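*Asks:* Here are the chains, one letter per residue:
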Amino acid sequence: MRLLQAVIEALESLAANKMRSGLTIIGIVIGVAAVIAVISVGRGASGTITGSIEGIGTNLLFVFSGSSSEEVRNTKPLTLSDVEAISDPFQAPSVIQVAPILQGNGKASAGGENTNTQISGVTPAYETVRNTTVSEGEFINEQHMLEYASVALLGPEVADRLFGRREGLAGEMVRIDGHPFRVIGVLESKGGSSFGNQDDRILVPFTTAQVRLLRRPAHGEVDMLMVQAASSEAVAQAGEEISQILRTRHRTEIGADDFTILTQQDFLETVQTITGVLTIFLSGIAAISLLVGGIGIMNIMLVSVTERTREIGLRKALGARRIDILIQFLTESALLSLIGGLIGIGLGTVISLAIGRIAAANNTQLNPSIGLDTILLATLFSTAVGLFFGLYPANRAARLEPVEALRYE
Amino acid sequence: MNDWVIEAENLTKVYRMGEIEVHALCGLSLKIARGEVISIMGPSGSGKSTLMNIIGCLDRPTSGEYTLDGERVSELRDDQLAAIRNRKVGFVFQSFNLLPRATAMANVELPLRYAGVVKARKARAQAALEAVGLSERLHHRPNELSGGQQQRVAIARALVNEPAIILADEPTGNLDSHSGEEILHLLLNLNKERGTTLIIVTHDPDIAANSQRIVHIRDGVVAE
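In order, the protein sequence lines correspond to chains V and Y. Numbers given in the numbering used here equal positions in the first sequence, counted from 1, plus 5. Numbers given in the numbering used here equal positions in the second sequence, counted from 1, plus 19.
No lab work stands behind these hints, which were simulated from the structure alone. Quick caveat, the model's predicted, so the values are computed rather than measured. Ideal Cβ positions, reconstructed from N, Cα and C, are used throughout, including at glycine. Hints are supplied without guarantee of correctness; some may be wrong.
Heads up, simulated SDA-like pairs for lysine to any residue below, C-alpha to C-alpha not over 20 Å straight-line [what the hints assert, rightly or not]: (1) Lys141(Y) / Glu172(V); (2) Lys141(Y) / Leu8(V); (3) Lys138(Y) / Ala11(V); (4) Lys138(Y) / Glu14(V); (5) Lys195(V) / Ser57(V); (6) Lys81(V) / Arg256(V); (7) Lys141(Y) / Leu9(V); (8) Lys195(V) / Asn136(V); (9) Lys195(V) / Val216(V); (10) Lys211(Y) / Glu149(Y); (11) Lys141(Y) / Lys23(V); (12) Lys23(V) / Leu118(Y); (13) Lys112(V) / Arg187(V); (14) Lys81(V) / Thr265(V); (15) Lys138(Y) / Ile13(V); (16) Lys141(Y) / Ser165(Y); (17) Lys195(V) / Thr265(V); (18) Lys23(V) / Glu149(Y); (19) Lys138(Y) / Leu9(V); (20) Lys138(Y) / Arg187(V); (21) Lys138(Y) / Gln168(Y); (22) Lys211(Y) / Val241(Y); (23) Lys138(Y) / Gly351(V); (24) Lys112(V) / Val216(V); (25) Lys195(V) / Arg256(V); (26) Lys141(Y) / Gln10(V); (27) Lys23(V) / Leu157(Y); (28) Lys112(V) / Glu14(V); (29) Lys50(Y) / Leu118(Y); (30) Lys141(Y) / Arg7(V); (31) Lys138(Y) / Gln10(V); (32) Lys141(Y) / Ile13(V); (33) Lys23(V) / Arg7(V).
Stretch by stretch, here's where chain Y covers chain V in the computed footprint (C-beta under 8 Å, at least three residues) [to be verified]: (34) 7 to 18; (35) 108 to 121.
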């Protein structure tokens, strides 16, 4: 009841100086809106990237040739016989499937249209390992592999550029680096992502790429392996098994692996660390504007205390205790920043939604997520700013001597 | 006649202004009986204002004993002083000192609010305003009222907590002679009807003439 009374009185007093109160509130609005927008967009971005990494497949391990940490001489390439060994359920029981990949760039053309794109030579295992779906046609099968078939699956963006459409392309011909290929299907759009553009590429049978397009020597060299583990718990075990097999096969010295294994979890953790650091960094910058807003409140409250010295003296003469005066001025400053905080939450939401729209218009999936915790935090934080910066002026008012204050002109 | 509402014994008040000590009160003693109407007169610099501040519990004496309605004020802390002002003293100022944005009702309710009165607040504020003849002006703001009416609101505010004394500092100083007279009679009537002790600080001999006793202050003591 007393609090309600104090709030009503504070609102009246703030309303008496609308312009001044409004300008002070704007300071807080900008600060809170900036914090909200940065946090929600940061979370959205993190969610998008996480999603796209998870979209690559499930329980994946990536095996590359070469060491990332140490200088290792005589690096042996990964080969198809390595693939065979890893595929052996007795040697690597935690592994379900292995998909070797050859990668390169090539020029594709059809009907006078030209485009440069990424060419990947893949095996049928790729379909399940990479969680790839075709929107039309069929995936590369064993038959294609055996026949070194000149068939290709087009990414939707490549299809757009070459044919101007994504449907009814099965049976069309494309030339890749001059060789004629028959289109057997179009890949489902996965959207652009941090993991390279999933839509701008052409898939061909591994064997075809080996001998005709990317022309790797006969040793059965492979650029990269994608390995699917039996379950998420088995990922670490699978990594261990693969390491053992490759160490034996490559006869590496102890502690000098000539290959690198990354798990999906490694990527996720890296990405989350990066977005987390960025969000904290940007929120810090945004919080500075909240601080500036708080100083604005302190400034205006000091002016208000000076202006109302006589009023304070009168209230004290009528029996107001220190705590009464303190509460009166603290309520005003807390209300200033609370109102600013609420408007700021609204504005921050609008800003982050707008950023989401702009991103969508640029073909980037970004869903800013404004959590209840963010809103609560912003409300609490802005009120705390008001209380903190209001404390000094309010205390100054409460300490005024009634005689002096009444005499003040 | 032993019912003193105010007993001041040997009050001194020393202000320190840099190096110089100013003795505003030099051993002043004064007793005021309950229900009395008393005028305090004296030239500026006589210590009149200082005495008024001490009587009204806005300030404490440097030394001496001051008892207001049985409370030994000299020993109280700030917040206790605030409570005494709230319950036992009603102030009427020369310049009215109303809150400009608040209605007459809200102004009169203010002391009740600091007293923690919740339920009876509206009724008591209204009764006080009716007692000063402003039952038609409850929801007007000060700038919608004449000077005399504003001072009536101030008087209603002073008496709403049923104080032991009403302390009026030049209550007619900012008013024309007609409304000044009205205010004076209102104060005298309140004294007559309710028995509230009325202490008027004034320069005006005509006003002083209406009181039962006149106390002259000179050089920090009562000049007999």
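*Asks:* Each hint needs a verdict: does it hold in this structure or not?
*Replies:* These are the hints, each one checked on the structure:
no. : hint                  : result
1   : Lys141(Y) / Glu172(V) : violated (79 Å)
2   : Lys141(Y) / Leu8(V)   : holds (18 Å)
3   : Lys138(Y) / Ala11(V)  : holds (17 Å)
4   : Lys138(Y) / Glu14(V)  : holds (18 Å)
5   : Lys195(V) / Ser57(V)  : holds (8 Å)
6   : Lys81(V) / Arg256(V)  : holds (10 Å)
7   : Lys141(Y) / Leu9(V)   : holds (16 Å)
8   : Lys195(V) / Asn136(V) : holds (10 Å)
9   : Lys195(V) / Val216(V) : violated (29 Å)
10  : Lys211(Y) / Glu149(Y) : holds (17 Å)
11  : Lys141(Y) / Lys23(V)  : violated (29 Å)
12  : Lys23(V) / Leu118(Y)  : holds (18 Å)
13  : Lys112(V) / Arg187(V) : holds (15 Å)
14  : Lys81(V) / Thr265(V)  : holds (12 Å)
15  : Lys138(Y) / Ile13(V)  : holds (18 Å)
16  : Lys141(Y) / Ser165(Y) : violated (23 Å)
17  : Lys195(V) / Thr265(V) : violated (27 Å)
18  : Lys23(V) / Glu149(Y)  : violated (34 Å)
19  : Lys138(Y) / Leu9(V)   : holds (15 Å)
20  : Lys138(Y) / Arg187(V) : violated (90 Å)
21  : Lys138(Y) / Gln168(Y) : violated (27 Å)
22  : Lys211(Y) / Val241(Y) : violated (26 Å)
23  : Lys138(Y) / Gly351(V) : violated (39 Å)
24  : Lys112(V) / Val216(V) : holds (17 Å)
25  : Lys195(V) / Arg256(V) : violated (40 Å)
26  : Lys141(Y) / Gln10(V)  : holds (14 Å)
27  : Lys23(V) / Leu157(Y)  : violated (26 Å)
28  : Lys112(V) / Glu14(V)  : violated (75 Å)
29  : Lys50(Y) / Leu118(Y)  : violated (33 Å)
30  : Lys141(Y) / Arg7(V)   : holds (15 Å)
31  : Lys138(Y) / Gln10(V)  : holds (13 Å)
32  : Lys141(Y) / Ile13(V)  : holds (16 Å)
33  : Lys23(V) / Arg7(V)    : violated (24 Å)
34  : 7 to 18               : holds (count 3)
35  : 108 to 121            : violated (count 0)
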